[in-house]
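J.: Sequence:
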Amino acid sequence: MPIYVYNCICGAEKEVFRFIKDIDEPVNCECGRQMERVIQAPVYKDFQPYYDENLACDAFPDGTYVTSARHKKEMMKKAGLEHVDRKGENHFEPSARALGIG
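Residue numbers for the sequence shown follow this note's numbering, beginning at 16 and rising by one.
These are computed hints drawn from the structure, not numbers from a lab.
All residues carry an ideal CB built from backbone N, CA and C; glycine is no exception.
It is possible that part of the hints are untrue.
Pairs of lysine-lysine residues, derived as DSS-like cross-links and limited to a Cα-Cα distance of at most 25 Å, are as follows [unchecked claim]: (1) K93 - K29; (2) K87 - K36; (3) K29 - K92.
Derived Cβ-Cβ restraints for the label pairs, each shown as a range [to be verified]: (4) I38 - E68: 30 to 40 Å; (5) H86 - E45: 35 to 45 Å; (6) I35 - Y66: 40 to 50 Å; (7) I18 - Q49: 15 to 25 Å; (8) G26 - P64: 34 to 44 Å; (9) K92 - I35: 32 to 42 Å; (10) K36 - K88: 26 to 36 Å.
Using the sequences provided together with the hints, build the complete structure.
T.: Right under this line is the structure:
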């Protein structure tokens, strides 16, 4: 998900993770004004492998070591989870397939 930088006339700056489809949604500053998106070069964040105990399921009861974003998606699918982003907060929820509705 891309990182966008927004500036406010009060001098505040904010980095926001957003889906490209949400790029035109307004971002408000703490002062109450609407912030403007700053056009800049893309930001590349290097993926660092990590141990994720949130991916615990029957296949890996203690969690698993995640080595890439693709690997995490594969492990989440095996665990019956999907990533849900709500206003910048990351959540893991059972997928529709795991709930038997998809």
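J.: Taking the hints in turn, state whether each one holds.
T.: We went through each hint and held it up to the structure:
{"no.": "1", "hint": "K93 - K29", "result": "35 Å, violated"}
{"no.": "2", "hint": "K87 - K36", "result": "23 Å, holds"}
{"no.": "3", "hint": "K29 - K92", "result": "32 Å, violated"}
{"no.": "4", "hint": "I38 - E68: 30 to 40 Å", "result": "33 Å, holds"}
{"no.": "5", "hint": "H86 - E45: 35 to 45 Å", "result": "37 Å, holds"}
{"no.": "6", "hint": "I35 - Y66: 40 to 50 Å", "result": "30 Å, violated"}
{"no.": "7", "hint": "I18 - Q49: 15 to 25 Å", "result": "19 Å, holds"}
{"no.": "8", "hint": "G26 - P64: 34 to 44 Å", "result": "38 Å, holds"}
{"no.": "9", "hint": "K92 - I35: 32 to 42 Å", "result": "23 Å, violated"}
{"no.": "10", "hint": "K36 - K88: 26 to 36 Å", "result": "19 Å, violated"}
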